Amino acid sequence: MKAQSIARRIACLGLAVAATAAAAGCSASKSSTAGDTGTGASTGGGSSAAGGTFTIWDPYPQFDNSSAWSQLLTKCGTDAGVSIKRTGFDTTDLTTKVLLAAQQGNAPDVLIVDNPVVSTLADGGVLTDTGTTKLDTSTISPNLLAAGQLGGKTYGVPIGANTLALYYNKAILSAAGVDAASVKDWPSLTAALAKVTAAGKKGITFSAIGTEEGSFQFLPWFWGSGANLKQLDSPQGISALSLWTDWLKKGYAPNSVINNTQTTSWQEFATGQYAFAENGTWQLANAKKAGFDYGILPIPAVAGGTAAAPTGGEFVTIPVQDKTDRYTTSQKLVACLTSADNALATDTTLSYVAATKDVQAKQVAANPDLKPWVDAVAAAKGRTSDDLGTKYPKISQPLWTAVQTALSGSGSPQAALKTAQTAAAAAIK
Amino acid sequence: MNSSTQAGARSALKRSVLPQGSVRGARGAAQAAPRRAPAPRSGTRTTNWAGWAFLAPVTIYLLAFYAYPMYRNVELSLRHYTVRSFVHGGAPFTGLDNYRKVLSDPAFGPALTHTLVFTGVSILCQFWIGMGLAVFFSRNFRLSATLRALFLVPWLLPLIVSASTWSWMLNSDSGVVNHVLHGLGIAPVDWLTSPTWALASVTIANIWIGIPFNLVMLYSGIQTIPSDVYEAAELDGATAWQRFWKVTFPLLRPVAAITLLLGLVYTLKVFDIIWIMTKGGPAGSSATFATWSYQLGFGNLLPEFGPGAAVGNLLVVMALAFGLIYVRAQRKQREA
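Going line by line, the protein sequences match chains A and B. With numbering that gives the first Met the number 0, letter number 268 in the first sequence gets 267, and the count goes up by one each step, no holes. With numbering that gives the first Met the number 0, letter number 192 in the second sequence gets 191, and the count goes up by one each step, no holes.
With a cut-off of at most 16 angstroms between alpha-carbon atoms, the simulated EDC-like pairs for lysine to aspartate or glutamate come out as follows:
#, chain 1, residue 1, chain 2, residue 2
1, A, Lys393, B, Asp104
2, A, Lys248, B, Asp172
3, A, Lys370, A, Asp357
4, A, Lys169, A, Asp292
5, A, Lys194, A, Asp178
6, A, Lys229, A, Asp385
7, A, Lys200, B, Asp172
8, A, Lys249, B, Asp172
9, A, Lys393, A, Glu212
10, A, Lys361, A, Asp374
11, A, Lys287, A, Asp368
12, A, Lys152, A, Asp128
To be clear, the hints were calculated from the coordinates, so they are not data collected in a lab. This one's a predicted model, so the numbers in the text were calculated from it and none came from an experiment.
Using the sequences provided together with the hints, build the complete structure.
Quick look at the structure:
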């Protein structure tokens with residue numbers, strides 16, 4: 000039996016390696032000895048003995064073992080009487096890695112994962128709900144928690160949140176005679192862009208790449224127009240896409256936005272040539288290094304007010320285990336990671352906004368720069384909320400394709416969104 | 000003389016033709032075993048066991064790393080997998096539904112065209128540029144070895160480096176290519192972000208990366224052509240142009256065939272360059288089967304393993320079809 004399971008694993012490894020095997024996976028035969036969760040290639044040693052090793056996977060490969068984050072995990076482990084084996088993955092790899100691990104019956108004990116994936120993993124039966132594991136979520140802001148809810152159950156605790164806003168370059172705006180406070184709605188923003196461009200600088204940069212990042216960046220405008228993800232080709236939705244398309248046509252935004260990730264978009268802004276950049280909380284540290292004076296505006300809605308931006312950030316979850324007695328310790332670990340003091344430290348490290356009002360207040364007290372971000376997070380909305388749940392990914396993909404179609408000029412905003420709506424409706428049927 | 004050069008070319012071919020060479024090698028070994036039999040008395044059995052023992056690692060390797068993944072990929076494409084059934088099993092068998100879904104997808108037609116154009120144009124350009132350089136370097140002038148080594152650089156660079164460099168050079172606003180065009184008074188081109196240019200841009204990058212491979216293969220092929228053939232041709236008054244078309248090209252044919260076949264297989268599955276440079280965009284205008292398959296399986300928040308595997312299998316079938324055509328052509332040539 001043991002030999003067979005090893006053979007399976009070897010075969011599984013081969014699968015992952017196979018060049019043309021696009022969708023690799025192994026047959027759903029769980030390891031016969033559920034306790035030895037440690038034999039998987041990436042988890043390393045581990046045993047089911049009480050007070051043994053608990054595995055934690057996170058999407059923060061930038062933190063090595065000497066980082067504050069890593070030390071916090073170790074400390075929480077020590078407090079719970081176990082040792083921690085932590086692995087950091089690239090966030091795009093993590094979902095697949097977790098699915099493969101869950102299939103093999105050796106999912107990590109604690110998983111920190113990007114929020115729009117939570118409902119998909121929960122629907123796949125990979126995650127436990129907070130009722131089972133007795134995690135306390137009462138202090139978490141409801142709009143942040145919503146991303147992790149499906150069918151009336153909650154599947155994790157947000158470790159912190161980030162969202163989008165507009166960074167602006169103060170020098171460029173004042174040189175062009177634009178008052179940042181006058182940017183309150185779409186017409187005033189477009190007018191500001193026109194002035195800046197007329198003054199010989201570049202208007203705005205954002206990311207419209209053909210991945211989830213593209214949808215993430217488009218959503219504040221889409222929602223700000225009053226459109227709903229259930230009807231992509233509504234007149235409001237078309238007006239949002241037309242706004243972006245017109246900016247490109249008039250040269251207010253560079254053509255490179257079509258291929259920009261949020262990182263390359265930030266690099267454009269950091270050249271000091273751009274008046275505005277749509278980017279996230281996590282760039283705050285980089286903004287301080289940029290070497291010019293910057294300000295932050297919430298993204299305006301079509302007729303004034305703040306548009307709802309999508310919430311980013313990760314959830315701490317507890318994947319389903321064969322040995323349910325492990326949940327007690329896992330719950331202690333999660334509670335430790337998300338406790339007020341530790342959350343404050345973690346969110347400061349990640350440049351995130353905390354998920355609870357108390358900790359947010361502490362963050363603003365320590366760093367007044369965070370005030371606009373805390374407001375933006377309060378107005379933000381989960382991508383999977385509005386009861387979309389697992390339907391969101393199937394809508395997001397046609398949406399970013401439509402954005403690319405319209406921006407690259409291969410279709411009008413109307414036609415592009417109509418195609419997207421047809422595709423999305425067929426996919427979620 | 001003619002027959003001797005042909006034999007020389009054939010032995011060069013044998014050296015370079017991997018699939019055929021390995022088949023022949025296996026057959027050769029099987030024939031060799033009984034011939035060697037006279038030596039020890041109890042030989043037959045031991046040799047058999049030893050033979051199997053030697054065969055075992057490669058068989059296990061092939062089964063574990065080629066046959067099983069292939070089988071799983073086919074199985075994956077014949078079932079309807081959701082995230083739940085992927086983890087917990089019990090995905091229903093749906094026959095060719097995934098293939099039907101893929102074939103009827105609006106993205107299928109463009110992806111097929113892009114794959115064919117990308118592969119065809121890449122191979123043609125790589126081959127002829129490689130051929131030109133190979134003939135050029137075969138003259139062995141001063142510094143030719145150094146120059147030839149420099150031409151290998153694209154091959155030695157990690158793909159992520161060369162693809163990122165290309166995407167940086169071709170950037171619409173800050174790229175060096177548009178900067179040069181601007182200097183020449185030509186309007187800038189949206190290399191990576193316009194639907195008309197995206198495929199051309201990734202093809203250009205891929206040609207650049209593929210030239211060294213063609214250069215090396217064809218150069219070593221030219222080295223095996225004996226110089227007396229050229230001398231004879233020259234004595235008969237053949238021009239340089241004639242020497243290439245009447246001597247070099249025909250004698251290079253076996254090497255050229257394997258170069259083209261390997262190039263074809265490599266190019267069909269090119270994924271990294273396109274993914275890094277354009278992600279198959281904008282809106283699928285540079286998506287090939289390879290990037291589409293990845294997009295379906297891993298590029299979205301919600302993986303669609305079934306259709307992703309189906310596209311991957313179509314790619315395998317395409318490569319296989321060209322492989323078979325090649326084997327067939329080889330057999331004909333040998334019989335002739």
